[in-house]
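Undergrad: Using the sequences and the hints given, assemble the complete structure.
Respectively, the protein sequence lines represent chains C and D.
Going by our numbering, 130 is the number at position 130 of the first sequence; the sequence numbering is gapless.
Going by our numbering, 43 is the number at position 43 of the second sequence; the sequence numbering is gapless.
You may find that some hints are simply not true.
As the list claims (entries may be wrong) - Going by beta-carbon spacing under 8 Å, a handful of chain C positions derived as facing chain D:
1) S115
2) W120
3) P134
Said to hold, decoys possible - Here are some chain D residues the structure puts well away from chain C; computed CB gaps all over 10 Å:
4) A3
5) L4
6) R5
7) A6
8) P13
9) A14
10) L19
11) D36
12) S40
13) T42
These are calculated hints, taken from the structure and not from any lab test.
Keep in mind the model is a prediction, meaning the values are calculated, not measured.
Quick reminder that beta carbons are idealized off the backbone N, C-alpha and C, glycines included.
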Amino acid sequence: MIRLTDQPFDPGALLGGFCAGRGETGAVASFTGLARGEASAAVALELEAYAGFTESQIEETARAAMIRFKLQDLLVVHRVGRIGTGEAIVFVATAAAHRRAAFEACDHMMDYLKSRAPFWKKEHGPGGARWIEPTAQDKTDAARWDLGA
Amino acid sequence: LFALRAALALQDPALGEALAGPGVRAAVDQTLVLDDADLSTTREVAFMPPMSGG
Numbered sequence: 001m002i003r004l005t006d007q008p009f010d011p012g013a014l015l016g017g018f019c020a021g022r023g024e025t026g027a028v029a030s031f032t033g034l035a036r037g038e039a040s041a042a043v044a045l046e047l048e049a050y051a052g053f054t055e056s057q058i059e060e061t062a063r064a065a066m067i068r069f070k071l072q073d074l075l076v077v078h079r080v081g082r083i084g085t086g087e088a089i090v091f092v093a094t095a096a097a098h099r100r101a102a103f104e105a106c107d108h109m110m111d112y113l114k115s116r117a118p119f120w121k122k123e124h125g126p127g128g129a130r131w132i133e134p135t136a137q138d139k140t141d142a143a144r145w146d147l148g149a
Numbered sequence: 001l002f003a004l005r006a007a008l009a010l011q012d013p014a015l016g017e018a019l020a021g022p023g024v025r026a027a028v029d030q031t032l033v034l035d036d037a038d039l040s041t042t043r044e045v046a047f048m049p050p051m052s053g054g
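TA: Below, the structure written as structure tokens:
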């Protein structure tokens with residue numbers, strides 16, 4: 001359900017595999033995040049995780065999302081290490097009986113991954129490297145899903 | 001955890017200041033904790049700067 005990898009992955013192949021053999025699923029939603037070039041200001045991204053802890057934290061949120069959105073299945077694949085411009089960083093797929101739950105759960109997982117999951121992102125550009133923090137928008141996006149919000 | 005922070009800050013004031021920064025979280029044996037956590041049976045403590053993924 002949760003996979004971290006330091007190797008490039010093929011989002012199309014992941015989606016194909018995720019959709020295969022589903023007799024009871026009416027909707028699969030997916031999201032693929034790519035490393036954006038920022039008009040060549042960024043040459044590469046580097047993502048750090050805290051081995052074991054990062055997976056278990058994502059797992060906890062994923063389990064809660066399975067219940068909250070009545071999902072049948074959920075897949076998160078996230079890169080760590082150095083990621084070149086244009087490569088996929090993150091892939092999320094959700095399976096549900098109906099589309100609304102699949103869309104919302106996918107959106108929710110991405111908002112969580114962007115600003116609350118234990119990853120640390122460094123941007124390597126022509127002028128050197130800098131650590132990236134979540135934007136105010138990322139935080140607002142994640143807060144949309146807080147219960148009682 | 002208070003005591004560990006204080007000891008680290010005494011050894012390395014710059015590190016102490018960084019650990020006290022906004023958004024720095026702490027985990028004890030891979031569980032997120034608050035500053036008053038008891039470390040008597042702890043094997044691993046992690047201080048984590050603000051997170052950003054995807």
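Undergrad: Is it the case that D:S40 keeps its Cβ farther than 10 Å from each residue Cβ in chain C?
TA: Fine: 21 Å to the nearest Cβ keeps D:S40 off the interface.
Undergrad: Would the least Cβ to Cβ distance between D:L19 and chain C come out above 10 Å?
TA: Check passes; 15 Å lies beyond 10 Å.
Undergrad: Can we trust that D:D36 is non-interface, i.e. its beta-carbon lies farther than 10 Å from all of chain C?
TA: 20 Å, holds
Undergrad: Holds or violated: is the Cβ of D:A14 farther than 10 Å from all Cβ atoms of chain C?
TA: 16 Å, holds
Undergrad: Identify whether the interface hint at C:W120 stands, where standing means a beta carbon of chain D within less than 8 Å of its own.
TA: Where the cut-off is 8 Å and the nearest Cβ of chain D is about 6 Å from C:W120, the hint holds.
Undergrad: Checking a non-interface call: every C-beta of chain C should be farther than 10 Å from the C-beta of D:P13. Is that right?
TA: 21 Å, holds
Undergrad: Determine whether the non-interface label on D:L4 survives the test: each CB of chain C must be over 10 Å from its CB.
TA: With a cut-off of 10 Å, D:L4 remains clear of chain C, as the shortest Cβ separation is near 18 Å.
Undergrad: Test the statement that D:R5 is away from the interface with chain C: the closest C-beta pair must be farther apart than 10 Å.
TA: 19 Å, holds
Undergrad: Is the nearest CB of chain C more than 10 Å from the CB of D:T42?
TA: 14 Å, holds
Undergrad: Quick one: work out the minimum CB distance from D:A3 to chain C and report holds if it exceeds 10 Å, violated otherwise.
TA: 23 Å, holds
Undergrad: Go through the hint on C:S115 and say holds or violated, using the shortest Cβ distance to chain D against 8 Å.
TA: 7 Å, holds
Undergrad: For the restraint on C:P134, tell me whether the closest CB of chain D is nearer than 8 Å.
TA: Since the shortest Cβ distance to chain D is 5 Å, the answer is holds.
No hint from the list above goes unmet by this structure.
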